[in-house]
Every structure is written in structure tokens, then in C-alpha cells.
Amino acid sequence: MAAASKTTTAGAKSTSRSRSTAKKAEPAIAEFKKDEELHAYREMLLIRRFEEKAGQLYGMGLIGGFCHLYIGQEAVVVGMQMAKIEGDQMITAYRDHGHMLAMDLDPKGVMAELTGRRGGLSKGKGGSMHMFSKEKHFYGGHGIVGAQVSLGTGLGFANKYRENGNVCMTFFGDGASNQGQVYESFNMAELWKLPVIYVIENNKYGMGTSVERSSSMTDLSQRGASFNIPGEKVDGMDVRAVMAASKKALEWCRAGKGPYILEMVTYRYRGHSMSDPAKYRSKDEVQKMRTEHDPIEQVRKRLLDNKWATEDDLKAIDKEIRGRVAEAAEFAQSDPEPDASELYTDILL
Amino acid sequence: MPIDILMPALSPTMEEGKLAKWLKAEGDSVSAGDVIAEIETDKATMEVEAVDEGTLGKILIAEGTDNVKVNEKIAILLGEGEDASAMDGGGSAPAAASEAPAATEAPSSPAVASAPTPQAPAPETAEDPEIPAGTTMKASTVREALRDAMAEEMRRDGDVFVMGEEVAEYQGAYKITQGLLDEFGAKRVVDTPITEHGFAGLGVGAAMAGLKPIVEFMTFNFAMQAIDQIINSAAKTLYMSGGQMGAPIVFRGPNGAAARVGAQHSQDYAAWYAHVPGLKVVQPYSAADAKGLLKAAIRDPNPIIFLENEILYGHSFEIPDMEDFVLPIGKAKIERGGTDVTLVSWGIGMTYTMKAAEELAGMGISAEVVNLRTIRPLDIDTVLASVRKTGRIVTVEEAFPMCSVSSEIAFQVQEKAFDYLDAPILRVTGKDVPMPYAANLEKLALPSVAEVIDAVKAVTYTA
Numbered sequence: 001m002a003a004a005s006k007t008t009t010a011g012a013k014s015t016s017r018s019r020s021t022a023k024k025a026e027p028a029i030a031e032f033k034k035d036e037e038l039h040a041y042r043e044m045l046l047i048r049r050f051e052e053k054a055g056q057l058y059g060m061g062l063i064g065g066f067c068h069l070y071i072g073q074e075a076v077v078v079g080m081q082m083a084k085i086e087g088d089q090m091i092t093a094y095r096d097h098g099h100m101l102a103m104d105l106d107p108k109g110v111m112a113e114l115t116g117r118r119g120g121l122s123k124g125k126g127g128s129m130h131m132f133s134k135e136k137h138f139y140g141g142h143g144i145v146g147a148q149v150s151l152g153t154g155l156g157f158a159n160k161y162r163e164n165g166n167v168c169m170t171f172f173g174d175g176a177s178n179q180g181q182v183y184e185s186f187n188m189a190e191l192w193k194l195p196v197i198y199v200i201e202n203n204k205y206g207m208g209t210s211v212e213r214s215s216s217m218t219d220l221s222q223r224g225a226s227f228n229i230p231g232e233k234v235d236g237m238d239v240r241a242v243m244a245a246s247k248k249a250l251e252w253c254r255a256g257k258g259p260y261i262l263e264m265v266t267y268r269y270r271g272h273s274m275s276d277p278a279k280y281r282s283k284d285e286v287q288k289m290r291t292e293h294d295p296i297e298q299v300r301k302r303l304l305d306n307k308w309a310t311e312d313d314l315k316a317i318d319k320e321i322r323g324r325v326a327e328a329a330e331f332a333q334s335d336p337e338p339d340a341s342e343l344y345t346d347i348l349l
Numbered sequence: 001m002p003i004d005i006l007m008p009a010l011s012p013t014m015e016e017g018k019l020a021k022w023l024k025a026e027g028d029s030v031s032a033g034d035v036i037a038e039i040e041t042d043k044a045t046m047e048v049e050a051v052d053e054g055t056l057g058k059i060l061i062a063e064g065t066d067n068v069k070v071n072e073k074i075a076i077l078l079g080e081g082e083d084a085s086a087m088d089g090g091g092s093a094p095a096a097a098s099e100a101p102a103a104t105e106a107p108s109s110p111a112v113a114s115a116p117t118p119q120a121p122a123p124e125t126a127e128d129p130e131i132p133a134g135t136t137m138k139a140s141t142v143r144e145a146l147r148d149a150m151a152e153e154m155r156r157d158g159d160v161f162v163m164g165e166e167v168a169e170y171q172g173a174y175k176i177t178q179g180l181l182d183e184f185g186a187k188r189v190v191d192t193p194i195t196e197h198g199f200a201g202l203g204v205g206a207a208m209a210g211l212k213p214i215v216e217f218m219t220f221n222f223a224m225q226a227i228d229q230i231i232n233s234a235a236k237t238l239y240m241s242g243g244q245m246g247a248p249i250v251f252r253g254p255n256g257a258a259a260r261v262g263a264q265h266s267q268d269y270a271a272w273y274a275h276v277p278g279l280k281v282v283q284p285y286s287a288a289d290a291k292g293l294l295k296a297a298i299r300d301p302n303p304i305i306f307l308e309n310e311i312l313y314g315h316s317f318e319i320p321d322m323e324d325f326v327l328p329i330g331k332a333k334i335e336r337g338g339t340d341v342t343l344v345s346w347g348i349g350m351t352y353t354m355k356a357a358e359e360l361a362g363m364g365i366s367a368e369v370v371n372l373r374t375i376r377p378l379d380i381d382t383v384l385a386s387v388r389k390t391g392r393i394v395t396v397e398e399a400f401p402m403c404s405v406s407s408e409i410a411f412q413v414q415e416k417a418f419d420y421l422d423a424p425i426l427r428v429t430g431k432d433v434p435m436p437y438a439a440n441l442e443k444l445a446l447p448s449v450a451e452v453i454d455a456v457k458a459v460t461y462t463a
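Chains as they are written, first to last, in UniProt numbering: chain B, 1 to 349; chain A, 1 to 463.
By construction, these hints were calculated from the structure, which means they are not laboratory data.
Every residue gets a Cβ at the ideal spot worked out from N, C-alpha and C, and that includes glycine.
A portion of the hints provided could be inaccurate.
Calculated lysine-lysine pairs in the BS3-like style (CA-CA distance at most 25 Å, straight line) [said to hold, decoys possible]:
id: 1; chain 1: A; residue 1: Lys58; chain 2: B; residue 2: Lys257
id: 2; chain 1: B; residue 1: Lys193; chain 2: A; residue 2: Lys187
id: 3; chain 1: A; residue 1: Lys58; chain 2: A; residue 2: Lys69
id: 4; chain 1: B; residue 1: Lys257; chain 2: B; residue 2: Lys193
Listed below are several chain A residues computed to face chain B (Cβ distance under 7 Å; list not exhaustive) [claimed, not checked]:
id: 5; residue: Pro8
id: 6; residue: Ala209
id: 7; residue: Ile231
id: 8; residue: Ser233
id: 9; residue: Gly246
id: 10; residue: Pro301
Beyond 10 Å from chain A on every Cβ pair, some chain B residues (computed) [stated by the list, open to error]:
id: 11; residue: Ile29
id: 12; residue: Gly65
id: 13; residue: Arg162
id: 14; residue: Gly256
id: 15; residue: Tyr269
id: 16; residue: Lys279
id: 17; residue: Lys301
id: 18; residue: Arg322
id: 19; residue: Ala326
id: 20; residue: Asp339
Assemble the whole structure, with the sequences as input and the hints as a guide.
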């Protein structure tokens, strides 16, 4: 993560606030320097291009089962990655490709896992929804809605137990925010002051059901209120807002004040999974998001406006990233399937 | 009429207790609701309140007396206008008791209350191959053995911690964690909210990060709230991550029927968890099993389901007096040698089995008893070796019969020792009904020694 060490002042505008005001305040927008804008652009573009390719391979029958694309939500994970320090963990549900790419995992390993090949991150035994990297502190990749919230709370528990100063970023969606164990976890995290950021990626729909149709209280940032956990609503389409809010939340957690909730208001452009035609929302709604709020376009515009990059520069970046993704796709198709003997390995240690 | 005050039952499994202290003296007046005495059960010290009012006429059981049976007369209460002459037959001298019984307590177990300790029948073949010859033995309840196992492993490894409901300040709902908070502090002995799903998941997350949690379920009945985390997260992550990260975690607690607690609190989950690849399932019978296997479970890098039994907690067994007694997971023990029939059991099923073997010996039938100790991985080789010798097998367990551990054993035995069988495989199990509450029905729902004997007679054609 080249940019992270250079962004120490980016979140400085967000001074610590008392708990009650923190809930209401508009989070600051971090002022990005040139290298940060370029870094965010590259990272988000990699996720976008990777996911487009994954969609293509799925259509070709090379990726099986469920496949949940992250297109539209790229700013959330990239902004959070830019705010974290070495050792901070991430854990999420099954829409997990973007998290792994942001955490600097090799796109070849991710794509080869999608195609179920031996060079995949889980040797082909996990698939799209179940990938992990102990080395990069990525703890999955979980297929059961909400289960990762308790697990992430446990990772925070381990951080506190070991006094290592790290924070676990626990991602879940607006759909998962109605699972019971989320609140069991909130309670324990605040009770024991565990260093956990609960990142609610509110992409407006839990599968096909809108937040309004599933949640009696739709301000998800306040879902921790009865546990006294502060929460903020963040523009999850603006990578600068994500990073600023994340820095603040990380500071809160690292200071031993307990968990923090960030509701990232975002949008997924594609259906819930590859098999979802997304008929529960209008084409106009999707189009409006893409044209007015696209996280990558926002950065691209700023890069051009500030004359930090030319169209040609950006084209070159795009070409380079397409090359990396093509290389990953090529590997994911040529790498052999796991050896049959792998069937019986990794069950017990 | 003077009123007899009887020794009360203060827990579902209490059969006797210690009359720790009298708070009223003979001649004191007593109102309904007054605390008159303190009684120690195997779980806790309880206050006894008077139900009627009057004057305490006579104390029949002196304070300090151990092993006072439930419903034994402990005092006589005189009504208004009555005096000591109204008491008949109750005037015998209080049992002099205070010091002697205390001396029988194991000196190495200061923290546990003197519990009623029914002695298991002494096995005919007491030698355990895991215990070096010449090792001295000492008495220990299963409860003490479990506590000592956790304490020893917590001393050995700072990553081991215990969490669950009432494990710390309350000292354990069944006193299994008694004394641990004092020794290890609140960081490592963690009281949780009533949140099985949440704290099971939290424990698995902590284990994925490399800590070694012992998660206590107050009973395994409540673990059904958490079974998703146990199976989908703990058992499967190692495989799904291609071997990168697993969950070194122990889920433990009482499992199966206690006594008179009805359907929702009386179920044996061995077969449920044994079904799942990625888990190991341990079900100890004796105190030695409990200690040696729990220590092994805590050291094991895999998720372990450790199924205890509330009724066995108070049972006392001989346990090796060793520095570091660890038993191998996945290895059965021949608890009693024999030649005519193989009895296979585990956990509390062993209590019926050992009694039946004893009675069968009196009838001239020599039963070999295999104590499985571990359900998954199943030590089928030990079972098969015995069956090849005896030609007959009966399994004994308290769980429901359908898709039970017995079913699996029967399948594997017919598959691998078909030609050695001289009779059909029989199983004695709990009945195929939710556990009833009524005492007579509950007894009928559980296996019995007589059923084991009948099954043995059937397979040996001696009925």
C-alpha cells in the first residue's frame, strides 16, 4: 500500500468529537493530494475492470455457482484501505473480490479461485464467496449473511487481548443489518470496548428487497444507538469521504473507546448476483447513479481538473490495468483444476 | 402437631447435600420466610427458608454433616402452644458429623464444595495403556477434573481463555470454572451476555486470529442458537481457505439429559456434530477421560465439541496423579475385558453399561466394555478388534435412535466385520420421543441397565 504512509494529514480535519455530536456531524472530506488521487483511481479501476471480467467469465461458464460483483461500491473498500495501518484486519461476506484486491492480493489468485483452479487463493476449494489471506489480514469471504459480524468482533477481541493496537474492519450489508447476531455482537463490542469498525455497506437492496421494505428504521448509522455505539452516515461513493470517516473511526477504536459504526451509502450497479436481473429497481435509478455519482468518474474528473493527469495518462493507466486483469483471466483459465487428492486435505490439522 | 423440616432438593440433579450451617438454634422462634439453614449442594450454597412459623424444637442433623439425603428429617418445628413433649421419635441425638466426612475430600481440590460422589463400579481391567505403570491414583470428581484441565492449560498457554455465561463471577453455572477467575483474572475468564450465537461467533473469530478459546455453553441445548457458527464458520474455514486458517477452539458444556428438566433441556447432540467433517467430537465418561481429553482438546488445533454430562459432574473416579495427564483424542479404551459380547458406549451411557456388565458377570456372561471416549474420529478399530473376539455387539447411548452414533457403529461393524458376527447388532438408546417431564415417563424414555442386559441376552441367545 504505497499511498497509505503518505496520507497522514489527510484526515486531520476531522477532530475528535464528543459522542453525541459525532452522530450528527457531517464527516469531513479528506483533501487528497495527487498521489492519493492516482492511487485511489488505480485501485478502484482495478476492481471495476476485474469485476467486469469476472462477469464475462461467468457468462462463459468458467465461473460457477454464485458470483457477487462489487461494481459501484469500489470507493468504500479503497477508502478504508487507504486509512488503515499494517495489521488491521478486514472481514466481509460474499461480495468480497473488491476487498481482496484492495488488500493487495494478487488478482491472479482471486480470479483463479473464481474459476476453481489450484492457483486460487483457497486452492480452488473456497470459490467466490470463501477466500482468505492470513498474510494480508483478510479473514474472508463468508457465505452466511451476518456471520462475519460476530467473527469480526472476535478478531477485535483478539486485538484487544493481544494489545496489538490493531482494528478489525467488519463489513456487512444493509440486508445483514437485520440479523440478530449483529446486535449480539454490537452489545459485546461496546461492553468490552473492542476495536471494531462496523462498516455497513448500504447499497440500498438486500438481494431484491429495498432498505425501506426491510428495515423499520432506515438510518442504519444509528443501529448501534441502543448500545451507545457512535455511528455516521458517509457518502460511500466519494473515496475521500470514506477515507476521512475511516481515519476518525480508526482513531476512536485505537484510543480504546470501543467500536464505531460507519454507514457507507453506496450502490451496486449489477444485480445481487449474476443470476439476478434486478427488476426491483428502475433502469433510470441505476443510470442516474452511474452518471452522477460514479466513484471512479469523480476521481477521474478531479485528476483532470487539477491537471494532475491528462487523458492520455489515464488511458495509459486503464491500459495497464486491463493488462493485469487479462493476465489474471488468462491464468484463471489455464491453471489446472486442483488435484483429486486435494479432496481430503485441509479438513483437520 | 409438630412439623418435620426435611432436607430440600435444591437442584434438578441433587440427591444429597451438606447441611453447612444452622442459622437458628433450638428454642428460637421462626417466621415463614426466615432463613433457617445453609445447605451446600454440588453446585452452590443455598439458603433454606422456613415455610411455616413456630419454634425450632429440635435440630436432628448437626451442622457440618455431609451427604444428607433429600427428604431426610433435619429438624422439628413446634406450633403455637406445643413444647418438646409433643415430639415423638424425633428426639434421637443429632448425627455427630462435623469433622469426619470433610477429611474424605480430596485435599488437592480446595475450591469445590463437598459434592455427593456416587462411586462408579470399579472396572475389572483398570489399567489404561495411557497411564504409566506404577502411577499413583487419586479420587477426583468429573467436575474437578474438568476445572483442573482448564486451569493447567491456561497456566501453560497465555492464548487460552474461557468465555461463556456465568463462567467468571458466578464461578460457573455448574461450578466447572470455579476458582478460574481468581487465578486468571477477567481478561481470561470472560462472562458473556446471554448471547450464544454472538459469543460462539466471537470465539471463532478470536480463534481464527490465533487465540485458543474455550467456549462454555451453559448446556449444549443452547448451542443450537449458535450451531451456524460452529458448523459453517468453525468447522469449514480450514477447508474453504485451502488450509490457511482454522479455528483452534473448544466448545464445551453439559450435554444430554440432566434430571426432570424436560424436552428442551434434555438432548444428546453427539450425532449432530459427529456428522460434520472439520469437527472433532469428544464425549468423556470418567474423571480421567474428562481431564486427559479436555487438555488434549485445548491443545488441538481443530474445533472440538466436548460433550459433558451434568449427572456425571458429581461422580468420583480414580484419576492418575500426574503432572501432565493428556489422553489421545480418537482412541477408545477397553474399560472392562470380556469374551462373550462387546458392549460399546460413551459418556453417561457407560454408567448403564458398566452396571450391566457387572450383573452379566454374575449370570456367567463375560462382557467386554469399550468406552469410545471420542465420537469423531471414531476408533472403529478398537470396536472391531473386540467384535472379532466376541462375535456379538450391543451399543448403549442416551440419544435418540434415528441416525444415531449407534447407527453409524452398526453400519461400520457390518461393513468391516460381517463374517465375525454371530448375532444381529443391537442398540440400546433413548426412546424416540421428546424427553417427558413426569418422573416415570422420563425413566422410561432413558435406557436402563435391564434393557442392556436384555439386549445382551438376545445377542448371546441366552434369553
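The hints, checked one at a time:
1. Distance check on the hinted pair: A/Lys58 and B/Lys257 sit about 60 Å apart at the alpha-carbon level, beyond 25 Å; violated.
2. Simply put, B/Lys193 and A/Lys187 have alpha-carbon atoms about 12 Å apart, close enough for the 25 Å limit, and the pair holds.
3. A distance of roughly 18 Å separates the Cα atoms of A/Lys58 and A/Lys69; the hinted pair therefore holds under the 25 Å criterion.
4. For the hint linking B/Lys257 to B/Lys193, the alpha-carbon distance of about 6 Å falls within 25 Å, and the restraint holds.
5. Hint on A/Pro8 is violated. Least Cβ distance to chain B is approximately 36 Å, over the 7 Å limit.
6. The restraint placing A/Ala209 at the interface with chain B holds, with a minimum CB-CB distance near 4 Å, inside the 7 Å limit.
7. At its closest, the beta carbon of A/Ile231 sits 10 Å from a beta carbon of chain B; the interface hint therefore is violated under the 7 Å criterion.
8. For A/Ser233, the interface hint holds, since its Cβ comes within 7 Å of a Cβ in chain B; the closest pair sits about 6 Å apart.
9. At about 6 Å, the closest approach between the beta carbon of A/Gly246 and any beta carbon in chain B falls short of 7 Å, and the interface hint on this residue holds.
10. Because the smallest distance between the Cβ of A/Pro301 and any Cβ of chain B comes to about 4 Å, under 7 Å, the interface hint for this residue holds.
11. With a closest Cβ-Cβ approach of about 33 Å to chain A, B/Ile29 is found to remain outside the 10 Å limit, as its non-interface label requires.
12. Interface exclusion of B/Gly65 from chain A stands, the closest Cβ pair being 13 Å apart, more than 10 Å.
13. Distance check for B/Arg162 against chain A: the nearest CB is about 8 Å away, which does not clear 10 Å, and the non-interface claim fails.
14. With a least beta-carbon separation of about 14 Å from chain A, B/Gly256 lies farther than 10 Å from that chain, consistent with its non-interface assignment.
15. With a minimum CB-CB distance of about 28 Å to chain A, B/Tyr269 clears the 10 Å threshold, and the non-interface call stands.
16. Residue-level check passed: B/Lys279 sits 30 Å from the nearest beta carbon of chain A, beyond 10 Å.
17. For B/Lys301, the requirement that its beta carbon stay farther than 10 Å from each beta carbon of chain A is met, with the minimum near 40 Å.
18. With 10 Å as the threshold on Cβ separation, the claim that B/Arg322 sits away from chain A holds: the shortest Cβ distance comes to roughly 28 Å.
19. Non-interface call for B/Ala326 relative to chain A: holds, since the shortest CB-CB distance, roughly 25 Å, exceeds 10 Å.
20. With a minimum CB-CB distance of about 12 Å to chain A, B/Asp339 clears the 10 Å threshold, and the non-interface call stands.
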